[in-house]
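Peer 1: What follows is each chain in one-letter form.
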Amino acid sequence: MDFATLIQLLDSSIRLATPLLLACLAGLYSERAGIFDIGLEGKILISAFFSASIAFTTGNVWLGLLAGIASSMVFALLHGVASITFRGNQLISGVAINFLAAGMTVVVSDSWFSLGGRTPQLETSGRFQNITLPFAEQLQGVPILGPIYHDLISGHSILVYAAFLIVPLTWWLLYRTRFGLRLRAVGENPAAVDTAGISVVRMRFTAVLICGVLCGIAGAYLSTSLSAGFVREMSAGRGFIALAALIFAKWRPWYALMACLLFGLLDATGSLFQNIRLLGISVPVQFMQALPYILTVVILAGFVGKAIPPRAGGEPYVKER
Amino acid sequence: MTDTEPYAIELKGISKAFGPVQANKDISLHVRKGAIHGIVGENGAGKSTLMSILYGFYKADAGEILINGQPTPIPDSQAAIRAGIGMVHQHFKLVENFTVVENVILGAEDGALLQPSITKARRILKELSDEYELHVDPDSVIEEISVGHQQRVEILKQLYRHADILILDEPTGVLTPAEADHLFRILNGLKEQGKTIILITHKLREIMEVTDTVSVMRRGEMTATVQTADTSPEELAELMVGRKVLLRVDKAPANPGEVVLDIKDLRANDDQKVERLKGISLQIRAGEILGIAGVAGNGQSELLEVLGGMIAATGGSIAVNGEQIDLTGTSSDGQSRRARGIAHVPEDRQREGLIMPFMAWENMGFGYHHDPKYQKNRLFMDNAALKQDTAEKMERFDVRPPNPFLEAKNFSGGNQQKIVVAREIERNPDLLLIGQPTRGVDIGAIEFIHKQIIALRDEGKAILLVSVELDEIMSLSDRIAVMFDGHIMGERLPSETDEGELGLLMAGVTKGAA
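Sequence lines, in order, name chains A and B.
Numbering-wise, the numbering used here puts 141 at position 141 of the first sequence, and it's gapless, one number per residue.
Numbering-wise, the numbering used here puts 91 at position 91 of the second sequence, and it's gapless, one number per residue.
Do not rely on the hints blindly, as some may be mistaken.
What the hints assert, rightly or not - Keeping only pairs whose Cα atoms sit at most 30 Å apart, straight-line, the calculated BS3-like set for lysine-lysine is:
| id | chain 1 | residue 1 | chain 2 | residue 2 |
| --- | --- | --- | --- | --- |
| 1 | B | K273 | A | K250 |
| 2 | A | K319 | B | K251 |
| 3 | B | K25 | A | K319 |
| 4 | A | K319 | B | K244 |
| 5 | A | K319 | B | K451 |
| 6 | A | K319 | B | K387 |
| 7 | A | K250 | B | K93 |
| 8 | B | K376 | A | K319 |
| 9 | B | K33 | B | K59 |
Said to hold, decoys possible - Sample of chain A residues facing chain B (criterion: CB under 10 Å; computed from the structure):
| id | residue |
| --- | --- |
| 10 | L115 |
| 11 | R118 |
| 12 | R184 |
| 13 | N189 |
| 14 | R277 |
| 15 | I308 |
| 16 | V318 |
As the list claims (entries may be wrong) - Here are a few chain B residues that sit away from chain A, every Cβ distance over 12 Å (derived from the structure):
| id | residue |
| --- | --- |
| 17 | N68 |
| 18 | K93 |
| 19 | V95 |
| 20 | V136 |
| 21 | P233 |
| 22 | E235 |
| 23 | S317 |
Derived by calculation from the structure, the hints in this document are not laboratory data.
Every residue gets a Cβ at the ideal spot worked out from N, C-alpha and C, and that includes glycine.
With the sequences and hints as input, model every part of the structure.
Peer 2: Dropping the structure here:
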């Protein structure tokens, strides 16, 4: 593999890792607060659809992003009401959200655009443009570092940079602020939070809504940055892979970054090297494409050592007598 | 009290109902500032409800709360904290994987950023530690420190929030006698600094030892408030139950026969593969009660579970009536153990002894479904026979109400326990395993269950009693073995030992070291 191909591979990894990272961090906020969320997938999908639709109709990608975030937050709120207010089963609520999103996006887009569940192709103004960082052009000629800066670090959409900046921000929030202390506490022992005079319900709703915002950005990135429009089922299981990454990362932000980059790399490898030969046997392209999903199964099966989830995760909080 | 100094706490006519159940009826209470006030009462007497109202967990249906003479509505915990009330719950409200200092500041942070709060909390914790003998390392993680330590963290948490009134709910349930003494020293220190303390407990000895005044609750009502110096445990027990109760267990000297249970070098692991029994050797003879004393979590549960066939042993041997029994495989399950004449009253009746949503008669059959008495033919059970049997057993064991069709969850703790005890004892086992026989059981039922255990012993049966209540161990056992960290620290005769010596053994201190 030559240097240019390597840069291309890594560049592609970053692009593919971004939606995973956003979804993974979304899950992190929710699960750290004790609300399991397998509805990440549905929230990404609904946001991808509304972002593309609104970006197409208004011609303004920022309005598209806002619409995507709003739709995702509505779904997050739904999950919150079901699992926090009514103390329902969090897994069932999450499944319901995934089904709802899968069905609704197709029906609504067909009724709006009559394209068989797609949105029309987005024009330039309806998409997030890639940003060229300062001096990228001038430094391009510098050996090694030049291409790394120009091709790998520079030239992504603003959402990619945002996603990567949210990692340190999340770490700081979680471990250095009052909000973070309470968030972690409410996922570990809500009774301790309650007796300390803090509202468990408010903390959990806040976390679930943050989760909605981040899933919204992830969805908008898929349809207005990575692609140019919405197609049905375009989230393609990313919400579930993000969950696997979250477990892999043991619910920690920096580890989440590493895990998502790994999944991104596998995804990129699968699409970039469709015909590779290993030890004289040619590996089928389908295998390469299935690799991220296979890894997901392996990780979820617990081959990565013991991952201890937040102790109150999945449990509705009921005041005891 | 002088006329100028108001009461620290004054409750006027507090009432609270949960559906048809009147948990608190027109309760009035006065607690002087700087006093240690005890509240005693049976389970379900309404103590916890009353304290939950005072701490803002529940809203009273009627009544008024005055703090330092000021009418103070307490709609939530935040309001209670503002009013200077701190509560140390029976089950600690600590975040297990947080450090001490993080737990202390949770909810009482000074600003959006943590660092200033942590720095300040460290300083204040040090001052409080020095002042009240509350030694804790601010950077220890909660799950790595002892229960006594964790309780001190809870107290520190309240002091950090400037609590002037401290409510402690059953604080000594999980402590060794030495730790309990330490706690009482701390409480006395706090009292000298003018803090007001409310101590909820069912241990009358503690009430006599540390309180200045004591209130008794029965069936949601406050039946008496007396000066501790003017009362006796017997009088308090009578006030609690509403009739005379025997606090001491009457029993004739044991008359031990053949060895029924012979355990040699028994080993077992828990779910996490941590070794919990590290070579236990014990013998119990017919007509003898062996009491296992120890702080909860030192392997007593695993000992019961291995003997009862709930978990497999990893080594050693068990012989019953001289015959070796299997330690692993299907022939070591509870069913096989019962066939050997081993009956088991498990420690946690709600999880292991009963199925709560099932009716009493269904619960009465568990473990004994194969009894020919309950079979109609080869295919069907004779439920009518089981129901009839249940009704008779409920009558004999004074289960109230004696209704076989009531779901287990609708009986009080004491009556639930009577159902389990009736099921196991009525089988006339050679060996009875009984864990925490009176945990969460009211005084009247305790007396009854103790009598049944003694009666079984007098019939020449062997009994293995596990309890964290040292009083219970001391009064029931014919021999006492103390467990610590999976080992038997030693055996003593109740007549030749005292709480002090047992307490040291329970803390893992052997003679040589002490």
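Peer 1: Output the numbers, in ascending order, of every earlier hint that fails for this structure.
Peer 2: Hint check: 2, 4, 5, 6, 8, 10, 11, 14, 16, 18, 19 fail, others pass.
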